[in-house]
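Position chain B against the provided structure of chain A, taking the given hints into account.
As a plain string of letters, each chain reads:
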Amino acid sequence: MLSDALLLQLGYNASLVAIGATLLGVSAGVTGTFLFLRKRALVSDAISHATLPGVCLAFMLMVAFGGDGRNLVGLLLGSAVSAWIGLLCLNWLTRNTRLAEDAAIGSVLSVFFGLGIVLLTVIQTMGVGRQAGLEGFLLGSTAGMLWADAVVIAIGGASTLALILLMRRPMTLVAFDPEYAAARGLPVDRIDLAMMGLVMAVTVVGLKIVGLILIVALLIIPPVTARFWTERSDRVVLLGGIVGGLSGYLGAALSASAPNLPTGPIIVLVSFGFFAISLFLAPNRGVLAAILRHFRFQRRVHLRQGLLALAQGQPIYERLTLRLLTRAGLARADGVATEAGKARAAKALRDEKRWEVIRSDQTHEAAAALYDGLRDIETVLTKDQIVEIDHQIGGPQGVPA
Amino acid sequence: MLDLVSNQGTSPTDTLGDSSLAIRGLTVSYGQKPAVFSVDMTVQPGAMTAIIGPNGAGKSTMLKAALGIVKPLSGQVTVFGEPLEQQRARIAYVPQRASVDWDFPTRVIDVVLMGLYRELGLLGRVRSRHKAKAMDCLHRVGMRDFADRQIGQLSGGQQQRVFLARSLAQDADLYLLDEPFAGVDAATEKAIIGVLKSLKDAGKTVVVVHHDLATVTDYFDHVFLINTRKVAEGSVAEAFTADTLQAAYGGRLATAQVDQLSRVVG
Chain A
1 MLSDALLLQL GYNASLVAIG ATLLGVSAGV TGTFLFLRKR ALVSDAISHA
51 TLPGVCLAFM LMVAFGGDGR NLVGLLLGSA VSAWIGLLCL NWLTRNTRLA
101 EDAAIGSVLS VFFGLGIVLL TVIQTMGVGR QAGLEGFLLG STAGMLWADA
151 VVIAIGGAST LALILLMRRP MTLVAFDPEY AAARGLPVDR IDLAMMGLVM
201 AVTVVGLKIV GLILIVALLI IPPVTARFWT ERSDRVVLLG GIVGGLSGYL
251 GAALSASAPN LPTGPIIVLV SFGFFAISLF LAPNRGVLAA ILRHFRFQRR
301 VHLRQGLLAL AQGQPIYERL TLRLLTRAGL ARADGVATEA GKARAAKALR
351 DEKRWEVIRS DQTHEAAAAL YDGLRDIETV LTKDQIVEID HQIGGPQGVP
401 A
Chain B
1001 MLDLVSNQGT SPTDTLGDSS LAIRGLTVSY GQKPAVFSVD MTVQPGAMTA
1051 IIGPNGAGKS TMLKAALGIV KPLSGQVTVF GEPLEQQRAR IAYVPQRASV
1101 DWDFPTRVID VVLMGLYREL GLLGRVRSRH KAKAMDCLHR VGMRDFADRQ
1151 IGQLSGGQQQ RVFLARSLAQ DADLYLLDEP FAGVDAATEK AIIGVLKSLK
1201 DAGKTVVVVH HDLATVTDYF DHVFLINTRK VAEGSVAEAF TADTLQAAYG
1251 GRLATAQVDQ LSRVVG
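Chains as they are written, first to last, in the working numbering: chain A, 1 to 401; chain B, 1001 to 1266.
Chain A with its partners taken away, still in its complex shape:
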């Protein structure tokens, strides 16, 4: 079943949903990255909740004019208008009152969502009979997705993506250093607003598949996941898009492979899966790597301290130190150095002196910045440089380098 779903063999609707979800995931991941870099991730939550009154009002308007209230383009336009109003309220509150952004987000989010729920209730008592499906915008509903819906999502997602890529340079500059960007004459406020406008576009596009409550996950989780793997903003953008797209595709396929699995929430759970894997396994920023690094570092410190103690003929009290030394064949169980231990100890002491020289000499600054009290001198300097330094130190030259 699952393999059929992954290969788009589960029928027309499932394939439409999978393709739509993939596109949505890519554009949400890429857009969300800039939001994340600008440290305004939660703004997307306010924007998405502010879509609900617009959806309801658009439905009521279309019904009032005798149309089909469920026209997706009409509903999305309505949601965009009210999300934009919500965004402007948020901006006004943060800029012109003493309210901090988090409090302003909370206010806008709850008031707009409350209004939306009231309107939704009113619609349900209107007895139009055609309202079925509006609640689907809360958590997404893909069961009755039409070809036209998929086209709307595809066009919306693709144009958002194109605009984002066009604006990536100014948005990165504003995210890293807004003061510098302003000094260079960039319209920082307008760039911020444009970024939020794009977030709004992604939100609106995603209403049908993921729903307004969970779209924030698709905007935030992919960039946060990507951040674990790289230290370069352009790669965070790229990886964020990939993680988002994969989550959309796998989530849609998974939910199609068994009856009664909701698409939106499954997509979010899949993206969380990527997040969890990254959180633990990422090579530099991951939790496991940090723990390993800590223990490895601790052992290196003990070994180094032990060697220096041997070199200076001091007794070793710490059990871990002694155990590490004996296991490496550098000392006997009673703390006396072996032949190999004596050589390594002498080298360690010598390296200390060399580091002293490096750290006091400006020309070696790049190397000195790597000083951690443990590193072998050969990893930062060439043989010639070491000879040069030994020359400065003087003393016995016979120590093995």
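Where hints are given, some of them may not hold.
As the list claims (entries may be wrong) - Listed below are the simulated EDC-like cross-link pairs for lysine to aspartate or glutamate, each with C-alpha atoms no more than 20 Å apart in a straight line:
1) Lys39/A x Asp1103/B
2) Lys383/A x Asp1145/B
3) Lys39/A x Asp1145/B
4) Lys1071/B x Asp390/A
5) Lys1131/B x Asp234/A
6) Lys1071/B x Asp192/A
7) Lys342/A x Asp376/A
8) Lys1131/B x Glu231/A
9) Lys1071/B x Asp189/A
10) Lys1190/B x Asp192/A
11) Lys1071/B x Glu1085/B
12) Lys353/A x Asp390/A
As the list claims (entries may be wrong) - Covered by chain A, per the in silico footprint, the following chain B stretches (three or more residues, Cβ under 8 Å):
13) 1062-1070
14) 1101-1110
15) 1142-1150
Note that these hints are calculated values from the structure, not bench results.
Even for Gly, the Cβ is constructed at its ideal location relative to N, Cα and C.
Below, chain B alone, put in the same frame as chain A:
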């Protein structure tokens, strides 16, 4: 009313054309209390000017308002005799390094390449000549070997030098630096002042928000003393005296400091 206060008898446009930076009647306020009140400043081309004053005197605020980073309540700014917006390309600004998040995912060279924003445009590719230029700027601040490092691994002084390299990449004529010497190591201070002096030798104008009174006479030829209002302005010999310092700092300088400084300033 403000204009009357600010112009202090001179015509507002008299010498603006000859100055690199001219500020007239600048007032900036966060809330109801002005941080900078009705300040005039005229920076001569090719000068190396220190903006000096106690904490909270409005030094950084004045600089930010002059660049339009914070919106002033009133005041005019001209750069090389023309309105600021027309001369943006000739200005390089170095913000306080604490103003950004150094865990941002970017490398040293990428930060310097931001200085080439205008040249690169929206979609222009970063070519080898751009990289070469960025490397050259890093070389000038002694950070060439750090080009590929993640910015989070740098010390405070190295961060400051990266910011300076980014401004060098702009090939500007007017350099405005906000506290570049705050909390940096001696090597960085030496590197920065070396670069600034070479800029001055190349005929560029340099304005620095500065906090260390002891180095003023060594580093700068002009000073601008501010404590919300302008206190004094002119060459170091004229404007950096025991009297003007007393006026700017009031009781905030310990007597011992004043004695020590008056020995420096004569």
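| said: For a C-alpha distance cap of 20 Å, please report whether Lys1071/B and Asp189/A respect it. | reply: It holds: about 13 Å lies between the C-alpha atoms, which stays within 20 Å.
| Is the hinted pair Lys1071/B and Asp390/A satisfied, with a Cα-Cα distance of at most 20 Å? | Roughly 58 Å separates the two Cα atoms, so the pair is violated.
| Holds or violated: are the alpha carbons of Lys342/A and Asp376/A at most 20 Å from each other? | holds, 17 Å
| Within 20 Å, alpha carbon to alpha carbon, are Lys39/A and Asp1145/B? | violated, 30 Å
| message | Check the hint pairing Lys1071/B with Glu1085/B against an upper bound of 20 Å on the C-alpha distance. | response | holds, 14 Å
| query | Between Lys1190/B and Asp192/A, is the straight-line Cα distance small enough, at 20 Å or below? | reply | The given pair, whose Cα atoms are some 38 Å apart, is violated under the 20 Å limit.
| task | Tell me if chain A covers the region 1101-1110 of chain B under the three-residue, 8 Å CB rule, please? | result | holds (count 6)
| message | Hinted pair, alpha-carbon criterion (20 Å max): Lys1131/B, Asp234/A. Please report holds or violated. | response | OK: Lys1131/B and Asp234/A at ~16 Å, within 20 Å.
| Taking a Cβ-Cβ distance under 8 Å as contact, does the region 1142-1150 of chain B have three or more residues in contact with chain A? | holds (count 4)
| query | Does Lys39/A pair with Asp1103/B here, judged by a C-alpha cut-off of 20 Å? | reply | holds, 12 Å
| For the pair supplied as a hint, Lys1071/B and Asp192/A, is the alpha-carbon distance within the 20 Å limit? | Given pair Lys1071/B, Asp192/A holds - Cα atoms ~17 Å apart, limit 20 Å.
| request: Quickly compare the C-alpha distance for Lys1131/B and Glu231/A to 20 Å and report which way the hint goes. | output: With Cα atoms ~19 Å apart, Lys1131/B and Glu231/A stay inside 20 Å; holds.
Hint compliance for this structure: hints 3, 4 and 10 are broken, all remaining hints hold.
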